[in-house]
Amino acid sequence: MLLQDRLIAFSIDRPRWVFYLLLALCVLAAVQIPSIKVDTDPENMLPHDQADRVYHDQVKERFSLYDMIVVGLVDEAGVYTPDTLTDLHTLSQAIGQMDGVVQQDLMALDRVDNISQQGPGTIRFEWMMKTAPQTQQQADAIQAAVERLPLLNNTLVSADGKATAVYVPIISKSESYRLSQEIQAVVDTLKKPDQFYMAGLPVAEDTFGVEMFLQMAVSAPLAGLMIFILMWVFFRSMLLISAAMIVAMASVIVTMGLLIGQGYTVHIMSSMIPIFLMPIAVVDSVHILSEFADRYKPGEDPRAALKEVVGHLFTPMLFTSITSAVGFASLAFTPIPPVQIFGLHVAFGILFAFIVTVVLVPAYIVSLAPARLAALKDHSLEAADNDSLLGRLLSTTGRFSLARSKGLMLFFGALVMVSVYGVSQIQINDNPVRWFKEDHKLRVADRVLNSHFPGTYDAFLVLEKPASVAEQQQLASQLDTLAKQAAVTEQLTAMRKVAADPLYVNYLNNLVDAFDEASFSAEPAQEKAWLAMLAAVETAQSEAKYFLTPEALNYMEKLQAHLNGSDYVGKSNGLPTLLKTVYRELNGGGDDQYRLPPNATAAAQTILSFQGSHRPDDLWHMVTQDYRATTLWIQLRSGDNQDMSKVIALVDQYIAENPLPEAVQANWAGLTYINVVWQDQMVNGMLSSLTSAFFTVLIMMILLFRSVKIGLLSMLPLTVTILFIYGVIGMVGKDYDMPIAVLSALTLGLSVDFSIHFLERTRAIFRETGNWSATIEEVYQGPSRAISRNAVVVAVGFTPLLVAPLVPYITVGFFLAAIMAVSAVVTVVLLPAVMDRIKNKNALFGVTQETHNV
Amino acid sequence: MFKSHLQGIGQRTLLALMLVSPLSLAAELTDAQTIVSQANVASYYRGDDGRSEARMLIRDAKGREQVRQFTILRRDRENGGDQDFLVAFSRPADVRNTVFMVSKHTRADDDRWLYLPGLDLVKRISAGDKRTSFVGSHYFYEDISGRNLNEDTHQLVDTTAEYYVIDATPKDLASVEFKNYRVWIDKQTLLPMTIEYKDSADQLYRKVEVLKVAQVSGFPTVTQSRVSDLRSGGSTTMQFRFIKYDLGMEAAVFSERSLRQPPREWLRRPKS
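As you go down the protein sequences, you meet chains Z and W in turn. Counting in my numbering, the first sequence runs from 1 upward without gaps. Counting in my numbering, the second sequence runs from 855 upward without gaps.
Simulated from the structure, these hints should not be mistaken for lab results. For glycine and all other residues, C-beta sits at the position ideal for the given N, C-alpha and C. Please note that the accuracy of each hint is not assured.
[What the hints assert, rightly or not] Just so you have them, the derived chain Z footprint on chain W, three or more residues with Cβ under 8 angstroms:
1) 965-978
2) 998-1012
3) 1078-1086
4) 1106-1112
[Unchecked claim] The calculated DSSO-like cross-link candidates involving lysine-lysine, where the alpha carbons are at most 30 angstroms apart (straight line), are:
5) Lys192(Z) <-> Lys916(W)
6) Lys192(Z) <-> Lys130(Z)
7) Lys130(Z) <-> Lys1125(W)
8) Lys1098(W) <-> Lys528(Z)
9) Lys1033(W) <-> Lys191(Z)
10) Lys580(Z) <-> Lys916(W)
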């Protein structure tokens, strides 16, 4: 209480200090804001050191894989015409020159090789489409060539021949939007620009960032305006409204300044901070202002009234602020950094808003001229409101609630049961492309391209046989023995030192050179020993190349066949695909020759032949230089996490039935997979965040009311609300995605406010009157109205989100508004009904004989 | 008249002597065609035949390496004209005895063969594009056997104290991946020391450099060179050792039979 009195005294005695201090804070925070950095990379949903993410990055590094923009050209009449291919050629050439594009890995018809037969016994490597075809005959020849090459067919040109794609690998995902704009500019100069589509996760993610930024710039002020208008409707006083608006603005500026100033990037969630904070921040000022207006009599010293009002409201306001803050802060328990940052900053903002409210609002009132203070009285709420629609509705509700308490409880009981069923039906799913509306051009592109191609979504299944220490030791001791026999141990030691390399493969290569050299220059007596050592290393080198062996390749081939037979996998490309294609062309090109080379040496030489093409390095996207790890590039038509999960299950099942060869490991990488990982983390994280918030708030309620029963009662409306809302989500089949997940914890913090006010007032009134029906009568006059009004303010404050062009904002806006509405209704309808059923009201409200007598 | 004077010493030897003797420096060359012709001879036609062992280190932008080791046999049919190459691989062990053979023609398409012992397969490689990778390295097939001079037009753009600087423009743009290239030819040895290739956007994307030159049997000979792919950041270094000229190889060494049965006597490393 001491702190509380000091704060109020400071505020009333030194209003100017309060203003200057707040102004200084706001300025300090505001100067941070221009250095804002937006980050919409879903990868950042996982901490940098998260195991799957680290692995994903390693895979990208080891296999030189890049994120890709997919540009598609669709022509229902078929793309193999001189005109269409000319457009494609022009576009691909232009893209190749763009900054930020990994030029050597760009994939399009004019960038890849054709391997074909040129007469008997002659193999031909040539560019598939070095220059655009001039005649239909040339275009037909390209079609015939593409359809023969499994690596290209249905990847570069769709199987139906109606779409062709340019796969644009990019150095950094954060450049996708700029590149997509540059590509669009080139497309616009072509003959039929409307035939082009752009898809791929990077472009969706980066475009989302750009649109999010615009969204923030529009939604936040719009939310402010909505709240302003709403308060005007309720209070019709600029004086009242400006105080509340100052609190809201200051909270938003300071919170965002703090976030940006600490160097955090603004993620999808944190971009919504202003919209969350504004409605929450105005609520407390509204409480103080309206109560002050009620109590203050013109001519009096406003200080006395202020002290009384603030003193009386301080505790409930503190508790509602803390509970809201706890709800948001519980997001820190999710393992998702952007969500943690969002939660903690909103929690900070709420507490900051509370302090600003109790310090600024009194200072503001004290500084008003007496005439204006007098005018405040005209806006006293009680008188105007009793006959209002809201007032009448609430009294009716109160009577109904008591009269039908038994029925109501049955109804809510049934509702909870149905909701629980609904919750069990929840589909956990997300897809960053779906963050755009149906008619967004990225969504359209996604639909069109994935209807032709086996998929614009990538996942990589990595098979790996880690280096075997045993094999390395065996080679080492073999060399030791040979050296000892020829008495060249010292030379060997020296050579090993020179040959040392962090990469074992390089080390062996260096050893081979050294032994080769030594065998040549050594005494004839030692030559044999060096040649033996050379042979030993070379044998080890060949044997180490595991993914050239028939065992490994056969396993992969069967796995690929299994995957390709599934509806969820569009297509898989891998080392077996490449080997079989080149092997076929080496052996005359007949379909019956489309098979794996018979042994590891044959495989190595098939690869050597492939390396005589224009793009030998494409090999290293499929296998590492030491042939100990390989990737299957899996294309998916859908980026839905559910579909990716099904593919994962498919592989798991296959591996369970067909165990991996000894010591081989299988792991996933790729953006589509990473999305599944962070979603899993989020779902589990949200559960623990929700649980911890629930119990924290429950304990706070028990402490606040100093009663277990009322504490439990106060949790009732929000429990019903959360179950109901998530039950509805489950029943209507709305996917449980990131925004929905985050909502649960927020709901808790926000909707418990209603219970606090309601129960606090009910108990106070009952203690005064000692009469239940009189208590209910009064509760439905003041407190219910305040709750309803606040619910409306907060709910309406979120409505600007409904017109947002980005789906997560709409989702958050809609569900928050719904949650506010439902929890307000549940509070005023269910709580009285339940209390009515509790017989011993004295015990419930802690009425002792003494208090009653007082 | 003039020709009869030369008969005793052999045209090529005389030419070589001219190139390395200080006398030849007196007259600076001014004709681009002459310079590139002589540079072509200096790089690919030393002696009547030659043998060397090459070691390639293919390194990607991330420092990962692959090794290729092979022996090159060459025999000229005509100085500055048609010649034969046979490339026999010895490492990595799993491609050992793979043989690549070229019969180079200045007035027609080259003939190329590949023998893959693991598949017991002789394949002709189509005349088509010679600017494809040579066994996965950053060298092209064309870099190994030499680009036909008639495919480009040459212009002497500068003569510095050390180099003739020549710009080459392809006659048929569609047959190559570059727009033009510039060569720095050493005035003394007439070896092209640096070649820089530019793409259609005038971006430098490929560079060939000679890193080491040594005198072998009196011929200035490249013993180490490197090709860099400036786009990917990868490069291949090639080192030549055990170089010998004028070994007296017969034409039969370069017959199709040699693919399956490599000429061991020439492939064996000379012990001196």
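Hint by hint, here is what the structure shows:
With 9 residues bearing a CB less than 8 angstroms from a CB of chain Z, the region 965-978 of chain W meets the requirement of three and the coverage assertion stands. Under a criterion of three residues with beta carbons nearer than 8 angstroms to beta carbons of chain Z, the stated coverage of the region 998-1012 of chain W fails, only 0 such residues being counted. Coverage of the region 1078-1086 of chain W by chain Z holds in this model, with 3 residues showing a Cβ closer than 8 angstroms to a Cβ of that chain against a need of three. As drawn, the region 1106-1112 of chain W meets chain Z at 0 residues by the rule of a beta-carbon pair under 8 angstroms; below three, the given contact is violated.
Restraint check for Lys192(Z) and Lys916(W): not satisfied, since their Cα atoms lie roughly 41 angstroms apart, outside the 30 angstroms limit. With a CA separation close to 22 angstroms, the supplied pair Lys192(Z) and Lys130(Z) stays within the 30 angstroms bound. Simply put, Lys130(Z) and Lys1125(W) have alpha-carbon atoms about 48 angstroms apart, too far for the 30 angstroms limit, and the pair is violated. Between the alpha carbons of Lys1098(W) and Lys528(Z) the distance comes to roughly 25 angstroms, so the proposed pair stays at or under 30 angstroms and holds.
Between the alpha carbons of Lys1033(W) and Lys191(Z) the distance comes to roughly 26 angstroms, so the proposed pair stays at or under 30 angstroms and holds. Between Lys580(Z) and Lys916(W) the alpha-carbon distance is near 29 angstroms, which keeps this suggested pair within the 30 angstroms criterion.
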